[in-house]
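Asks: Each chain, letter by letter, is given below.
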Amino acid sequence: MKHFLLRVLATLLFLAVPVLGVWTFVKADDWGLWFPPIASSYGASIDFLFYVILWMVTVTFIGTEMLLVWFVFRYSKKDATRATYTHGNHTLEMVWTAIPALLLIFVAFSQMKAWTTVKINFPTDGPYTVEKPLMEVYASQFDWRVRYPDPQGDFAGADVIEVPYDITVPANTKVVFRLKSRDVLHSFFVPVFRLKQDAVPGMEIPMWFEATTPGDYDLICAELCGWGHYKMAGKIHVLPRDEFERWLADQRASLYATD
Amino acid sequence: MILRRHPSAALLAAAALSSTLACKYEPSTPELHYSLNAKALADNPDLAADGGAQTQLLGALQTMFGTPKNPRFLALPEWLADGFDPNFWGEDHVKADQAAWAALVESNRKAFGQQLSAIRAGGFEAVDRPRFADDLWERWQRLRAELPAGGPDAEYLTTDDGQKVSWREEALYRFENYYPSLANSAAFYHNQCFHCHGAEGGGDGSTSRFLEPRPRDYRPGKFKFTALKGKARPRHEDVFRILTDGVYTTAMPSFRRFTDAQLHGLVDYVRLLSIRGETEILLASFYDPAEGLHFDNLRENYTDVVGRWREAPERLITYAGPIPEVTAERVEHGRALFTTPGEKGGANCVSCHGTSGRGDGPSVWEPGKVGIEFTKDDWGNPIQPRDFTRGVFRFGRRPIDLYRRIYAGINGTPMPEHFGMTITESARQRAMTEDDVWDLVFFVRALASQSPLLARAGGAPAAEGAR
Amino acid sequence: MSTHAHTATHPAKPLGIDPPGTVHATHDHHELGFIRKYVFSTDHKVIGLQFLFTGLLMLLFGGLMAMAIRWQLAYPWTEMPVLGRLLFPETGGVTTPEGYTMLFTMHGTLMIFFVIIPLLTGTFGNFLIPLMIGAPDMAFPRLNMMGYWFWWPGIACILLSFGAEGGGPAAGWTSYPPLSTIEAAAPGSQWGQNLWLLSLTFVGVSSMMGAINYVTTIVKMRAPGMTFFRMPLSVWALMVAALLQLFALPVLTAATFMQLFDRVFDAGFFTPTGVIINGTSPETLGNAAGGHPLLWQHLFWFYSHPAVYILVVPAMGFVSDILAVHARKPIFGYKPMVYSIAGIAGLGFIVWGHHMFMSGMNPAVGLVFMTATIMIALPSAVKVFNWLGTLWGARIHLTSAMLFALAFVSMFIIGGLSGIWMASTPVDIYIHDTYIIVAHFHYVVFAGSMMAIFAAIYHWFPKMFGRLMNETLGKIHFVGTFITLNGVFYMMHQLGLAGLMRRTADPYAYETYAHLQPINQFISWCAFALLAWQVFFVVNFFGSMFFGKRAGRNPWNACSVEWESPSPPGHGNFDKQLAVHHGPYEYGVPDASRDFVAQTQRAPGLHAHA
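Residue numbers (the working numbering), protein chains in the order written: chain A, -8 to 250; chain Y, 3 to 469; chain E, 8 to 617.
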């Protein structure tokens, strides 16, 4: 009796793993524990890749864990017979090496396009390019700042517009910008864009995105930068194109204010 | 006995019990107290030795300024008669500025979006508790208890000018026009600012010793970054600007992620801490070994300190008319003023900022040395002259900002006031004018941006320097 | 009486080592004093136990750091009970922002370098290798002793760093420059960081000494008949882990010296030009510049990625052995298991860049690392399938050791599968530095390796101390640990998907994460319960040492050679001549008189190797 209870307990504990494991993922969105909505043009392709892997992983997870649960229960019966004496099965080894290998190679290759889109192939057809970016974003301990160039496009000109915290960008435009750091490593992370890049002092790193929906979105520092890492917030303001141009003109005009 | 026979059951019961206890658990935060200014004690060793007087001093300050949990100004009757209540200092000041109040309301609308739409929709239970706004939440709870019998759209009150306002409108109004109390701002300060600036605003929080430059010590009443002349106390707008823009290349970040109302409230609390600090320093200096602390001049000094803050807007450095146009001649004149040392009748900028504006002038560096030697500011912290070639300006980079820095100098640092400074030109002595200050501004901006005007004006000055 | 039997037949002693299979009766030419016997001992078993006790002590310290972290995440900026006033006296027990960065740095550093690696390789590597291959001791006993004692200066340095000016190191266990190299960048980057670097140097030297010993012993000192493919998987795993140490550690040592030079001699390896940190530029202070932060990352991860395989491969080896013994069945696919271990280790050297996908290195290189990283899932998957194959058709005895070993399999599946998301560079864009990464490595290292360590302790305790651990306490320990650890780490996956960042003292500073506090509170209480539950283990461990039921040589009826020795083994390990005739997994043999055939037992016609 005691042995049976132990078998049941062990089985239930191991069973809880796939059951609760899957259930908490199913309910995650209801609990506010899932991805935020997408607000960039390439965000959907990244989420799609996540879901492809999620399905593969879920099937494997349930499959292997349930086998474990079944074997634990079935083969912990107390009796006098011996275990099945086998050292393995060559065919099985081939099968369960080849199939995962093919699946993994498929996963690897399916990732490449999204990566090159976000990180390698910068837009050349929009108003902003790597040579003429919209802005430079500076990370520093513990602040984000953005600098828009002066009317001649010079980022070191006297009439640059420097704004802390708020990074204003136009919607539905391919925004190319450069990321810099004033001091230590930081990381530019905008969850809704599915965009992240470490800011490395001494480097100017080009980045791009196309924001699809106007709104205000969190900018979060995603690389330990010191004691203030936890509160190094910024805000991405996505404005419709014409509003953005008006905002930028306002900023230029107020540079020479005397208040 | 039971434990031995059914250990698992006992364990389960223990686990269940502890989990229910865990759910109810409320952690505690240590209560903060104001302590005495250590530097003031060091400057007045007799007071430092007199424990009774110290208690007396703390008690007096508590009467005048309250506790960290419940701070408030002691409002003198003559002020109240005048229509000035320091406990509503900020709120009255911001309300008087239409643009600033409109921005505050807009910012509240954004922050309380969920609450406002819940009130409009009628689901009053669904109103979420806003963060860092306990006083608003309490007022909302009391308002909910006063829901009229006729429903939320029934008349609730009549305003001073005879307008009838419904309960719902009043609720929306309270959220949109929320301005935090001093107590709420103090709580917010303790969450966000305390670990650097300290409980009394002494710039001595636990993190402060690792920061370069140190956080501001408000207590001497000195503030570097104002738009004012004459080493004045800052305006509400100056402190507010520090909060919204941060101080670049220091550990003071921009706090724009909070609402305007919260930041205005912080300005109020910082002002209280500063006034409290100055009063404390004054009182400590009045300590007489024979008589102990005496409060004869207290009322006068308190009025004095508060008065200096009240008069700040009068000290604003203004410039009438549009900013003059930048020309190569003006940049050249600015360069002349910049590079001519004081003994030769110039503005003497080069002595600290160096010939190429890299902050390596003879006062801090000699050729052959590795690294610069720091001077000290009025708070005793090491300070270096600004390196303009970095493009870093700590309190604004607009022309008017630089104008104000050069015009009035920077309070608490070796950067002097330049407007009215005696210079020699064409063998004649005269005082620096506004135009001279603008020329310096143009030269500095040209330096920082390597402007082509610099070349036309005779080229950039030769670079030697610490690097 | 001196019985050096070998001198008659083997006059030469290559390497100064006694040839394999040598039997030593007690040497009575000197009776060792207490210090030489138990403190500065050259006996691999004593050294193994020294690593065990010290490692468990460091586990307590690392665990307390974790509790402090969990307190802050559950109730930010409140008074921490018990530890609060000890760590943060100035604020009345409230965690400070800079203190929090120190907490997670110390937690990671302690757990990786002072707990898991020493417990896996130091304890069981030392204890098991000679016993499992039938050797009387390690190839270099004195080097072995030095390996343990070189660890102590490392421990001293890391513990002293708590008291350094500015506190302990605070740049993360990854210690990226310039945060770690410029003193002004973080409070812990003053003397705390120097001590961290020195500590790691000592730990590295200690590990290298051990690694050389293990490889040499395994290659040169196997008993007659113990071919490579008759060694238990624990030995294979420990050998591969030792090879990983040998090839990867020198790079870490070089990197730590470079960082030390940057800090002490202003060398400028990693300091870029033109930065302003904490108000001043390093060049104004006289530091050299022109370096690159990414150089550190490459060098660091070149070691630290193989290091994570050092953290898991020995555990996989132990679990294989424990499963076979307690399931009374041979390991399914022994050779594929060996090749998988080798595959994991080999591939492990070419995937370090997956820690750096977002780092600013050339994105094209990211694609290369992605492919290699995704392929590493393959040998790990093969191992999981083989463990399942071992369980199929078995006769499972649900002992404490077995329960923990089964837990390893279950938990490793989770940790391994979540790794596939991280390997995919586009997905990593979102999940890098979020809590899903934290979930992944805690599943593999804690829910995986630590469970394996518990399993190994329960399994080999009888051999170490001659007594059995109490099974009831062991099962209670298992149930509570299994439940609470999943309570702590599982929901971190979802927290990461919601975007919760790592290493943040107050994640709710962002309005969008304020709703995550209740889950964090739940996790923290599970963590406190997890720590408290270990009392069952501590009581069992120390109690059984003195009062446990006496164990014979082979309480588990296991095949492998270590069970031939007395429990505990004496000096020289074995009291009879050893010869190995087949593999170590002959369980459930149909025609045998018992349900196992020991490795040293002659059984012609049996499967010649595993």
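Everything labelled a hint here was simulated from the structure, so no lab data went into it. Every residue gets a Cβ at the ideal spot worked out from N, C-alpha and C, and that includes glycine. Please note: incorrect hints may appear among the correct ones.
[Said to hold, decoys possible] For lysine-lysine, the following BS3-like pairs were computed, each having C-alpha atoms within a straight-line distance of at most 25 Å:
hint	chain 1	residue 1	chain 2	residue 2
1	A	68	E	482
2	Y	231	A	222
3	A	-7	E	556
[Unchecked claim] Residues from chain A that keep clear of chain Y, each with C-beta distances beyond 12 Å, as calculated:
hint	residue
4	33
5	86
6	94
7	209
Asks: For every hint, state whether the structure bears it out.
Replies: Here is what the structure says about each hint:
The hinted pair formed by residue 68(A) and residue 482(E) meets the criterion: a straight-line CA distance of about 18 Å does not exceed 25 Å. The hinted pair formed by residue 231(Y) and residue 222(A) fails the criterion: a straight-line CA distance of about 34 Å is larger than 25 Å. Note on residue -7(A) and residue 556(E): the hinted pairing holds, with a Cα-Cα distance of about 21 Å set against a maximum of 25 Å. Listed as outside the interface, residue 33(A) is consistent with that label: its C-beta sits roughly 27 Å from the nearest C-beta of chain Y, beyond the 12 Å cut-off.
Against chain Y, the non-interface label of residue 86(A) holds: every CB pair exceeds 12 Å, the least being about 42 Å. For residue 94(A), the shortest C-beta to C-beta distance to chain Y comes to about 41 Å, beyond the 12 Å cut-off, and the non-interface label holds. For residue 209(A), the condition that its CB be more than 12 Å from all CB atoms of chain Y is violated, with the nearest at approximately 9 Å.
The structure is inconsistent with the numbered hints 2, 7, although it conforms to all the rest.
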